[in-house]
Amino acid sequence: MIKKPWLLLILCLITISVFAHPFYVSISTVDFNSKNKRIEISCRIFYDDLEVALRKQLKQKIDVINPKNKTVADSAISKYIQDNFNLMVNGQFKKLKFVGYEVEEDVASCYFETPQTSPVSTIMITNELLYQDFKSQSNILHVTVDGKRQSTKMDNPKKSVVFSF
Numbered sequence: 107m108i109k110k111p112w113l114l115l116i117l118c119l120i121t122i123s124v125f126a127h128p129f130y131v132s133i134s135t136v137d138f139n140s141k142n143k144r145i146e147i148s149c150r151i152f153y154d155d156l157e158v159a160l161r162k163q164l165k166q167k168i169d170v171i172n173p174k175n176k177t178v179a180d181s182a183i184s185k186y187i188q189d190n191f192n193l194m195v196n197g198q199f200k201k202l203k204f205v206g207y208e209v210e211e212d213v214a215s216c217y218f219e220t221p222q223t224s225p226v227s228t229i230m231i232t233n234e235l236l237y238q239d240f241k242s243q244s245n246i247l248h249v250t251v252d253g254k255r256q257s258t259k260m261d262n263p264k265k266s267v268v269f270s271f
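Using our numbering, the first residue of the sequence shown is number 107, and each one after it goes up by one.
If you are wondering where the hints come from, they were derived from the structure by calculation, not from laboratory data.
All values derive from a computational prediction rather than experimental measurement.
Glycine included, every Cβ here is placed at the ideal spot set by N, Cα and C.
Treat the hints with care, as some may be off.
Simulated crosslink set (DSS-like; lysine-lysine; CA at most 30 Å straight-line) [unchecked claim]:
no., residue 1, residue 2
1, Lys165, Lys201
2, Lys185, Lys162
3, Lys241, Lys200
4, Lys174, Lys259
What follows is a set of in silico ranges between Cβ atoms, one per label pair, in the way DEER data are often shown [what the hints assert, rightly or not]:
no., residue 1, residue 2, range
5, Ser257, Ser140, 13 to 23 Å
6, Asn139, Met194, 32 to 42 Å
7, Gln198, Asn172, 33 to 43 Å
8, Gln238, Lys259, 29 to 39 Å
9, Lys174, Asp261, 30 to 40 Å
10, Gln198, Asn139, 34 to 44 Å
11, Glu211, His248, 12 to 22 Å
12, Asn175, Asp154, 18 to 28 Å
Work out the full structure, taking the sequences as your base and the hints as a guide.
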């Protein structure tokens, strides 16, 4: 008699997992440390979602894990993220320099940096990563300035947020 409720629970969990709706999320971190005088950005995106965005928005079919041409892949990823992720620090737009990317398991981590010599009081981020391709996209942001961390989650269509330090 005890086995039947567990069996029913297991069957319910299997059924739910089979019909579960996929989720779409990216996690971006923006870190400023006055000692190194630069802002470092990483955007973590499921690589298959990134490939969809590159194909639809840039009209390029890129295999992120095994690109035929690494320079072309780097250029496409850099362009896509810079078109959809913008940073203003203390009211000034910051040009992001692409550092590179790596794939671990299902996630592509894309790295950028920009110089920042003066103290940071505000950071405004506009993040539309994957919004055009996935209506249920959520983008999580973690911003750290001199050891003080703030975080938020933005659901499509919300695209901008300001952090004050």
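Hint check results:
no., hint, in the structure
1, Lys165 - Lys201, "holds, 24 Å"
2, Lys185 - Lys162, "holds, 13 Å"
3, Lys241 - Lys200, "holds, 28 Å"
4, Lys174 - Lys259, "violated, 35 Å"
5, Ser257 - Ser140: 13 to 23 Å, "holds, 21 Å"
6, Asn139 - Met194: 32 to 42 Å, "violated, 19 Å"
7, Gln198 - Asn172: 33 to 43 Å, "holds, 39 Å"
8, Gln238 - Lys259: 29 to 39 Å, "violated, 19 Å"
9, Lys174 - Asp261: 30 to 40 Å, "holds, 35 Å"
10, Gln198 - Asn139: 34 to 44 Å, "violated, 19 Å"
11, Glu211 - His248: 12 to 22 Å, "holds, 20 Å"
12, Asn175 - Asp154: 18 to 28 Å, "holds, 20 Å"
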